[in-house]
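Spelled out, the chains give:
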Amino acid sequence: MRDRVSEINTTIESIPDVKLIKPFEQSKFDIQGCISVFVEGLEQPLNFDVSVSPQYPFKSHDTETIKFTNGNLLEYKHIMGNGSICIHTTHSPVLSEKLGYDITSVKAWIKKYYIKKDTDTHYEHLIVPDKVFKDSHFAFFFNEVAYSFSRNQFGFIDYSTLSNGVFYKENINSNIIQKFYDINRKVLADVKWNFQLKSFPISSGLFIFLKDAPSKNQRWIFDDWKEFEPLLPQDFLKFLHSVEKNAQKEKGKYLPLFVGYNITNAEAHWQVIMLEIGNFPIYGEKVNQQWLTMIVGNRSIDWAITRNCSYKYFFGRGRLNEKLTNGKILIIGIGAIGSIVAKTLIRSGCTKVDFFDYDIKEPENVCRSEYSFFTGISNKTNDLINELCLISPFFEPTNGGYEFSEAFDFFLKSHLTDTTIKKEIEKQLNEYDVIFDCSADNDLLYLLSQLNISSTLLNFSISNHAKQFVCATEQNRYPFINTQFNGRVLKFDIDELYNPTGCWNPTFKASYNDINALVQFAIKHINSKFEKDKALRNFVIETDDTDCLTIKLKEF
Amino acid sequence: MDKSLHLNTVIKTHQITKEKDLLDKHIQKKNEVKEALEKEYGNNVYAPFNSGSYAKNTAINTKFDFDLVSPFKRNAFGANGTLKEMYEAVYDFLYDKYKNDAEVRKQKVSIGLEFYADSDGDKIKIDVVPGRELNQDQYKDDENLNLYVYYKYGNIAADSERIKTNVQSQISNIKDRADKEKDSIRKIIRLLKVWKNTKYNYPSKSFFLELITIKAFDNGAMTGSLWNKLKTVIEYIKDNITNDGFTLKDPGNSSNDLADTLTDSEKQQLADDMKNMLDRIEENDENIKTYFPENPKFKEEDKNSYNTNGGMPVPPPKLNFG
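As you go down the protein sequences, you meet chains A and B in turn.
Per our numbering, the first sequence runs over residues 1 to 556.
Per our numbering, the second sequence runs over residues 1001 to 1322.
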């Protein structure tokens, strides 16, 4: 241990423009000392208390295990509430090297944020402490709404509880906001979520839109109710009083208060305070013959967790090309390939996705598709809608379903010569921007080739053992598939098919991993074509595992 | 497999004479539209004529390409009438006349008439190309016409340019070469049209494919089998179409460059398609059937398509899965 302390002292003394003010010593847990750091542009060096944790030079979770603290720097960017600088540096297992990186990072912070007073281009959210309220954490998810709130506008909200979970070692209750109302319960804005989320049971809460953030130094959220005094108007405090008075029977229950403010001219953000009915932080006081509602001081605020789950943030880390995400999509056939395509599209930002399938999900389908054992035997369409609603709050199935799929299949296969019905089918299909035919139904492949469809149509199918994946998307889809599979082009095993017990209809052998690897490869290729605005061509993805696995895409 | 044998079969199944009834319907409909234009415009129009691939003897029976050029007199739409006014007036006339019988669409330089399917399920498609002589009464001497560009045509901007050309020269130029070299140029042109039909709305016009085929033939010795000749043309397109100095002169007006009817990205796509085609056929001869399919309507039955097992016929199994 002694060696560690002396190594830190020696290293610090060797770094230019850094001086030891108080040499490092071992305290109960950490090694602590004080240093001064000089950077060109400073009139005099800045002092920092430095604390080095036992894990150093390794990080603890995602946090650096060295702290540089100066309580006089609170007004500057990237300073934590205790005055420590927020730094993230590169990894090194060598203490002296890591210390060098960290000091360089402190110097860079001084130059950028202390001397130049730079502001970052991206908005940095207020720091909100994670607090337990009544034995649980609370999280509230909001979405942007087509309504512009004015300063000090207040009223009621509806919210729904999504689930109860575990947050580190404590409980957490997650919720979504559903609607905003004015004080007379007239709807101001309906928050858009998928139809299942919209059908959840409703609870009530309150909101006020402040416009300005309830913060100290634009950095930390208020921690005491008294700090709200200059911001909360008297009529809102009276509203709080009347709400509490009318909810006396609910004493002890909680009521979330949404506090809104602008983070840019066009974007609102919401924080939530947990209020306990019967214990609101207000009291009445007679001033000049008039009763006023006042805010209680020395009372800490119970902030909940909030997340902006609007589309741009929900899919901010990555989504597919707009041709897919903005498009209306139909997937015909949601077996192994189709269900993987559906889930990939939904996770990647697509919202308007319908599917046709008249098949039933059986337990043995689960191992290589996107269904769960939990839901038992069920129509594939119903089951997949439920699965996808769990993933994306923006999923909007509009058409399809079991009965629609049955009718579509019947009319297409029996009435193709009826020009009126043919036109109606074409009209229905042309409402989709992209159609994925993953049914491997060659009758359907033929019939679709006889229709006048302007949508982008992609036919996906796979050979036994997932040796090849074929995508047909051009005018010649039908002959192309026939030539590839039934001609003398693709070579694959046709003897070792899987025969489900009690079933005469053999299916292909391949695992979820085999299939998914090729489906993702195909979608990536198609997306790349859309990104470059290039025309789609038929293609075959061939695998070869004779030596190392190779996957090769051949475009036609 | 013998690729040339397959290609000859493809040409055979695409012979226009195999669809005589459909051809007759096209000719009849073309004559009807011609008469309607003559009746409407009287002395203001010279005799409309077919400039499509049927006229050039390069047609295939899956797409007839009937283009009806309508040569208007210089003052047909007023002494100060614009080409745009000509185009719009002809569109309005055709729309009023055929709106109940056909889809009437504004296209790049033509107005498309796609007649609804008749009782046999046949659809007739005629493209009317309005053109205007350069000076009053000059057409009978020089056969030159100005065409209006309705929307962006390759690198030619919409509404900003006119195309001056001599359609009769275009027809005779292609027809002469195709007739003289019918076992080479004409076959290759027809095969490239068959290939084009495997795609949705391919940007290169048939006229473009005709000219580039002739240019490839003029580029050097074209020897060997039909496949070798086709391969040489495909390689020529792949290697030249994206070159900066590459031009395709319009036989109707040498200052028109048909290479301009494709944008740079369309030229790149064409080069990529040619490369993919050669690569795939190189990998497996059977892939030639994907690019150059027989017309299934006139395909001869493959007697060996079913496997046999000890004399008992076995139906082909399902081999593609989802």
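Hints listed in this document are in silico derivations from the structure and should not be mistaken for laboratory results.
Because the structure is a prediction, the values reported are computed rather than measured.
Incorrect hints may have been included.
In the DSS-like style, the derived pairs of lysine-lysine whose C-alpha atoms are separated by at most 27 Å in a straight line are [to be verified]:
(1) K1231(B) to K422(A)
(2) K524(A) to K312(A)
(3) K532(A) to K1196(B)
(4) K423(A) to K1097(B)
(5) K1034(B) to K534(A)
(6) K422(A) to K1063(B)
(7) K1238(B) to K529(A)
(8) K422(A) to K1152(B)
(9) K323(A) to K1152(B)
(10) K427(A) to K1238(B)
(11) K323(A) to K1012(B)
(12) K19(A) to K169(A)
(13) K554(A) to K1025(B)
(14) K1140(B) to K1152(B)
(15) K534(A) to K1152(B)
(16) K554(A) to K1182(B)
(17) K552(A) to K1199(B)
(18) K1073(B) to K1034(B)
To be clear about the criterion: a stretch of chain A counts as covered by chain B if any three or more of its residues have a C-beta under 8 Å from a C-beta of chain B, and this derived list gives those stretches [what the hints assert, rightly or not]:
(19) 73-81
(20) 359-368
For every residue, glycine included, the Cβ atom is placed at its ideal position computed from N, Cα and C.
Hint check:
1. At most 27 Å may separate the alpha-carbon atoms for a hinted pair to count; K1231(B) and K422(A) exceed this at roughly 40 Å.
2. In summary, the hint linking K524(A) to K312(A) is supported, as the alpha carbons are separated by about 21 Å, within the 27 Å threshold.
3. Taking the CA atoms of K532(A) and K1196(B), the gap is near 22 Å; set against the 27 Å cutoff, the hint holds.
4. For the given pair, K423(A) sits about 23 Å from K1097(B) by alpha-carbon distance, which is consistent with the 27 Å threshold.
5. Our distance criterion of 27 Å between C-alpha atoms is broken by K1034(B) and K534(A), whose separation comes to about 39 Å.
6. Simply put, K422(A) and K1063(B) have alpha-carbon atoms about 22 Å apart, close enough for the 27 Å limit, and the pair holds.
7. Of the supplied pair hints, the one linking K1238(B) and K529(A) holds, its CA atoms being roughly 20 Å apart against a limit of 27 Å.
8. A hinted pair counts as satisfied when its Cα atoms are at most 27 Å apart, and K422(A) with K1152(B) does not qualify at roughly 33 Å.
9. Distance hint between K323(A) and K1152(B) is fulfilled; the C-alpha atoms sit about 22 Å from each other, no more than 27 Å.
10. For the proposed pair K427(A) and K1238(B), the alpha carbon gap of about 38 Å is over 27 Å, so the pair is violated.
11. In summary, the hint linking K323(A) to K1012(B) is not supported, as the alpha carbons are separated by about 41 Å, beyond the 27 Å threshold.
12. As the CA atoms of K19(A) and K169(A) are separated by approximately 41 Å, the hinted pair breaks the 27 Å bound.
13. With a C-alpha separation of about 41 Å, the suggested pair K554(A) and K1025(B) falls outside the 27 Å cut-off, and the hint is violated.
14. Distance hint between K1140(B) and K1152(B) is unfulfilled; the C-alpha atoms sit about 30 Å from each other, more than 27 Å.
15. For the hint linking K534(A) to K1152(B), the alpha-carbon distance of about 18 Å falls within 27 Å, and the restraint holds.
16. As the CA atoms of K554(A) and K1182(B) are separated by approximately 34 Å, the hinted pair breaks the 27 Å bound.
17. The suggested pairing of K552(A) with K1199(B) holds, with an alpha-carbon distance near 23 Å, which does not exceed 27 Å.
18. The straight-line distance between the Cα atoms of K1073(B) and K1034(B) is roughly 16 Å, inside the 27 Å bound, and the hint therefore holds.
19. Counting residues of the region 73-81 of chain A whose C-beta sits closer than 8 Å to any C-beta of chain B gives 0, which falls short of three, so the coverage hint is violated.
20. Beta-carbon proximity to chain B at under 8 Å applies to 0 residues in the region 359-368 of chain A; the threshold of 3 is not reached and the given coverage is violated.
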